Amino acid sequence: SIDHDTPMRAYPQPLWNGKKMSQGRLMLWGEQGMAVEIMFAGLVPVDLRTGNSIVLDCEPRLRPLFARSFPEVEVISGYEHDDPGESPVAAHLPIGSLPALFRSSEGAFAARTSPYLKADAAERQRFRSRYADGRLLIGLAWHTKNKNTGRKRSLDLSLLAPLFALPCLRWISLQYGDFDGLEEQAALAHAPLLIDRGVNQFTSMDRFAAQMAAMDLVISIDNSTVHLAGALGVPTWLLLPFAPDWRWRQEGEKSAWYEGLRLFRQPQIGDWSSVVRSVRTALAAYVRTKDLHVIA
Numbered sequence: 002s003i004d005h006d007t008p009m010r011a012y013p014q015p016l017w018n019g020k021k022m023s024q025g026r027l028m029l030w031g032e033q034g035m036a037v038e039i040m041f042a043g044l045v046p047v048d049l050r051t052g053n054s055i056v057l058d059c060e061p062r063l064r065p066l067f068a069r070s071f072p073e074v075e076v077i078s079g080y081e082h083d084d085p086g087e088s089p090v091a092a093h094l095p096i097g098s099l100p101a102l103f104r105s106s107e108g109a110f111a112a113r114t115s116p117y118l119k120a121d122a123a124e125r126q127r128f129r130s131r132y133a134d135g136r137l138l139i140g141l142a143w144h145t146k147n148k149n150t151g152r153k154r155s156l157d158l159s160l161l162a163p164l165f166a167l168p169c170l171r172w173i174s175l176q177y178g179d180f181d182g183l184e185e186q187a188a189l190a191h192a193p194l195l196i197d198r199g200v201n202q203f204t205s206m207d208r209f210a211a212q213m214a215a216m217d218l219v220i221s222i223d224n225s226t227v228h229l230a231g232a233l234g235v236p237t238w239l240l241l242p243f244a245p246d247w248r249w250r251q252e253g254e255k256s257a258w259y260e261g262l263r264l265f266r267q268p269q270i271g272d273w274s275s276v277v278r279s280v281r282t283a284l285a286a287y288v289r290t291k292d293l294h295v296i297a
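In our numbering, the protein residues as written are 2 to 297.
Hints are computed from structural coordinates only; laboratory data are not their basis. If you're wondering where the values come from, they're calculated on a predicted model, not measured in any experiment. Treat each hint with caution, since some may be false.
Unchecked claim - Straight-line alpha carbon distances no greater than 27 Å define the calculated DSSO-like cross-link-like pairs of lysine-lysine that follow:
hint	residue 1	residue 2
1	Lys255	Lys291
2	Lys119	Lys255
3	Lys255	Lys146
4	Lys255	Lys153
5	Lys119	Lys291
Using the sequences provided together with the hints, build the complete structure.
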């Protein structure tokens, strides 16, 4: 975690080697932020196949979602190494180290479990019913506050005007941030966005997951929204800058991490216009597959 604000934890137990242990439990602990915890949680089903009893120490906001999704795992937040619990922890591992054990080949990625997170079904249906008006529900996120790469990954809402011009679509904001600020951005861009003040990602990721699961399609820049949508199995289109983060590789439309992702890449630095044109063409085609009228 050298490049992230996550120090290595100094537990007395050894680091796990990926094998079945003769006694005790394995503790996996979250690191590197919300998006990384969600992405690497996709390896929890693989861990379970080793036959170990697992404790997953995650970011508190993820605990309800992870507990529902991994019923065989004890999901906690804030492990204390001097608390033996019902069964002592015998080994530990930061969750970001799991790919080195279980994702070392293309074949290992092909065998992934997808989707692996489960939203609250009743809450999802409530969102679906509340938003339904005959149009397709399109979730949108356009900004990240990441201090290192946020500027190149984010885009201005006004650039998405060609998408908003398409009929038969209802746009739902999945963007985190201050509600007043989001509404101001939408107004300045003349973006027809529904901003639901009843969903706050900073207080309930579980409710946000249910909202996202109610979408027909999610369109997002590279932020935590994409990881949650991919983990939930929601069809998702990812808008990528030129030379994106390592996890998206340098070419291709498919993601190794999430089966339902489609990648739209900048052909050169800063060229969001080309990305938006490609997305508009794809979105018009997508609407046609739903037997809805759209002006191409």
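Hints and how they fare:
no., hint, verdict
1, Lys255 with Lys291, "holds, 22 Å"
2, Lys119 with Lys255, "holds, 22 Å"
3, Lys255 with Lys146, "holds, 25 Å"
4, Lys255 with Lys153, "holds, 21 Å"
5, Lys119 with Lys291, "holds, 25 Å"
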